[in-house]
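Heads up, the sequence shown stops at 171 in our numbering, and the numbers go up one at a time, no gaps.
Everything labelled a hint here was simulated from the structure, so no lab data went into it. Please note that the accuracy of each hint is not assured.
[Claimed, not checked] Restricting the straight-line Cα-Cα distance to at most 25 angstroms, the calculated cross-link-like pairs of lysine-lysine (DSS-like) are: (1) LYS148 - LYS114; (2) LYS164 - LYS114; (3) LYS131 - LYS102; (4) LYS105 - LYS37; (5) LYS66 - LYS102; (6) LYS66 - LYS105; (7) LYS141 - LYS73; (8) LYS114 - LYS102; (9) LYS131 - LYS66; (10) LYS141 - LYS114; (11) LYS131 - LYS148; (12) LYS105 - LYS131; (13) LYS114 - LYS131; (14) LYS73 - LYS37; (15) LYS148 - LYS105; (16) LYS164 - LYS148; (17) LYS76 - LYS37; (18) LYS114 - LYS76; (19) LYS148 - LYS73; (20) LYS164 - LYS66; (21) LYS164 - LYS73; (22) LYS141 - LYS131; (23) LYS66 - LYS76; (24) LYS37 - LYS66; (25) LYS66 - LYS141.
[Unchecked claim] DEER-style ranges, computed between Cβ atoms: (26) GLU53 - ASP142: 20 to 30 angstroms; (27) GLN158 - VAL134: 21 to 31 angstroms; (28) PHE38 - ASN128: 40 to 50 angstroms; (29) ASP137 - GLY17: 17 to 27 angstroms; (30) ASN63 - HIS34: 13 to 23 angstroms; (31) ARG46 - ARG78: 31 to 41 angstroms; (32) TYR64 - LEU24: 51 to 61 angstroms; (33) ASN128 - LYS102: 15 to 25 angstroms; (34) ALA27 - LYS76: 39 to 49 angstroms; (35) SER132 - ALA18: 30 to 40 angstroms; (36) LYS76 - THR144: 14 to 24 angstroms.
Just so we're clear, the structure is a prediction, and the values are computed from it rather than from any experiment. The beta-carbon is built from N, C-alpha and C at its ideal position, and this holds for glycine as well.
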Amino acid sequence: MRLPPFQRYTRCMQLLGALLSGMLIGAAILNTLHIAKFQHMYNVNRGLQEQLEQYEQDIRNLNYYKSQHTVIKSIKLRIENGSANEQMRARLDELTESELIKRVKEHLSIFLGKSIYDIDSDARLARNLLKSMVYRDVYGKDYTIELKTVLLVDNVLQIWMTVKSYARPPS
């Protein structure tokens with residue numbers, strides 16, 4: 001039995017190898033793009049679901065307190081865009097930001113339904129809340145939150161806060 005000379009087919013074999021490696025590399029890149037797009041869509045969807053939950057909670061609170069005109073009906077939280085904090089905010093993704101806002105709202109929910117004229121009765125509590133608070137294990141990281149500005153307008157308690165990464169002290 002005689003073997004054909006492979007010198008004739010070396011160019012075809014090289015082209016076939018290049019074609020197969022290109023197909024593998026292209027499939028890997030396409031899969032990476034698909035995963036990144038799906039991850040972005042998941043993050044947006046989760047953020048929208050959290051916004052929807054928040055809006056539903058606001059609607060329930062507003063309906064509950066609609067006959068009372070001198071109480072705090074809702075709380076709006078914003079993360080401040082200070083120059084020193086701008087880099088940290090850029091590193092926060094939408095999920096982390098919404099989870100932090102959700103946790104802070106849980107702590108501040110005691111002010112809902114309080115009279116706007118008797119808010120000074122909880123001055124000690126407010127002072128403790130205005131100190132820097134540490135929120136642990138927010139998607140695997142710890143954050144320090146400082147409430148910077150608190151404003152009460154039209155029965156809405158508006159709060160601006162700064163977020164920083166928390167470095168655990170060595171133990």
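Evaluation of the provided hints:
Between LYS148 and LYS114 the CA atoms are separated by roughly 21 angstroms; this keeps the pair inside 25 angstroms, and the hint holds. With a C-alpha separation of about 30 angstroms, the suggested pair LYS164 and LYS114 falls outside the 25 angstroms cut-off, and the hint is violated. Restraint check for LYS131 and LYS102: the C-alpha separation of about 18 angstroms stays at or below 25 angstroms, so the hint holds. Only pairs whose Cα atoms come within 25 angstroms are accepted, and LYS105 paired with LYS37 is rejected, the gap being roughly 31 angstroms.
For the suggested pair LYS66 and LYS102, the alpha carbons sit about 23 angstroms apart, so the restraint of at most 25 angstroms is met. For the proposed pair LYS66 and LYS105, the alpha carbon gap of about 20 angstroms is at most 25 angstroms, so the pair holds. Among the hinted pairs, LYS141 with LYS73 is inconsistent with the structure: their alpha-carbon atoms are about 32 angstroms apart, more than 25 angstroms. Restraint check: the Cα-Cα separation between LYS114 and LYS102 comes to about 20 angstroms, which is no more than 25 angstroms; the hinted pair holds.
For the suggested pair LYS131 and LYS66, the alpha carbons sit about 32 angstroms apart, so the restraint of at most 25 angstroms is broken. Among the hinted pairs, LYS141 with LYS114 is inconsistent with the structure: their alpha-carbon atoms are about 33 angstroms apart, more than 25 angstroms. Restraint check for LYS131 and LYS148: satisfied, since their Cα atoms lie roughly 9 angstroms apart, inside the 25 angstroms limit. Restraint check: the Cα-Cα separation between LYS105 and LYS131 comes to about 15 angstroms, which is no more than 25 angstroms; the hinted pair holds.
A distance of roughly 21 angstroms separates the Cα atoms of LYS114 and LYS131; the hinted pair therefore holds under the 25 angstroms criterion. Distance check on the hinted pair: LYS73 and LYS37 sit about 38 angstroms apart at the alpha-carbon level, beyond 25 angstroms; violated. The straight-line distance between the Cα atoms of LYS148 and LYS105 is roughly 15 angstroms, inside the 25 angstroms bound, and the hint therefore holds. With a C-alpha separation of about 13 angstroms, the suggested pairing of LYS164 with LYS148 holds against the 25 angstroms cut-off.
This hinted pair does not check out: LYS76 and LYS37 have alpha carbons roughly 31 angstroms apart, beyond 25 angstroms. Our distance criterion of 25 angstroms between C-alpha atoms is met by LYS114 and LYS76, whose separation comes to about 15 angstroms. Distance check on the hinted pair: LYS148 and LYS73 sit about 21 angstroms apart at the alpha-carbon level, within 25 angstroms; holds. A distance of roughly 37 angstroms separates the Cα atoms of LYS164 and LYS66; the hinted pair therefore is violated under the 25 angstroms criterion.
Between the alpha carbons of LYS164 and LYS73 the distance comes to roughly 29 angstroms, so the proposed pair goes past 25 angstroms and is violated. For the given pair, LYS141 sits about 20 angstroms from LYS131 by alpha-carbon distance, which is consistent with the 25 angstroms threshold. Restraint check for LYS66 and LYS76: the C-alpha separation of about 18 angstroms stays at or below 25 angstroms, so the hint holds. Distance hint between LYS37 and LYS66 is unfulfilled; the C-alpha atoms sit about 42 angstroms from each other, more than 25 angstroms.
Restraint check: the Cα-Cα separation between LYS66 and LYS141 comes to about 39 angstroms, which exceeds 25 angstroms; the hinted pair is violated. Evaluation of the 20 to 30 angstroms hint for GLU53 and ASP142 yields a pass: the beta carbon distance comes to about 24 angstroms. Checked against the hint of 21 to 31 angstroms, the C-beta distance between GLN158 and VAL134 comes to roughly 23 angstroms, which is consistent with it. Evaluation of the 40 to 50 angstroms hint for PHE38 and ASN128 yields a pass: the beta carbon distance comes to about 42 angstroms.
Our hint of 17 to 27 angstroms for ASP137 and GLY17 is violated, since their Cβ atoms are close to 49 angstroms apart. Distance hint check: the CB atoms of ASN63 and HIS34 are about 43 angstroms apart, inconsistent with the given range 13 to 23 angstroms. Range check, ARG46 to ARG78: Cβ separation about 20 angstroms, and the 31 to 41 angstroms hint is violated. About 60 angstroms separates the C-beta atoms of TYR64 and LEU24, a value consistent with the hinted range of 51 to 61 angstroms.
About 20 angstroms separates the C-beta atoms of ASN128 and LYS102, a value consistent with the hinted range of 15 to 25 angstroms. Here the CB-CB span from ALA27 to LYS76 is close to 47 angstroms, well matched to the stated 39 to 49 angstroms. For the pair SER132 and ALA18, the beta carbons lie near 59 angstroms from each other, so the given range of 30 to 40 angstroms is not met. Taking 14 to 24 angstroms as the suggested C-beta distance range, the pair LYS76 and THR144 conforms, at roughly 21 angstroms.
Figure legend: structure checked against the earlier numbered hints; hints not met, in rising order: 2, 4, 7, 9, 10, 14, 17, 20, 21, 24, 25, 29, 30, 31, 35.
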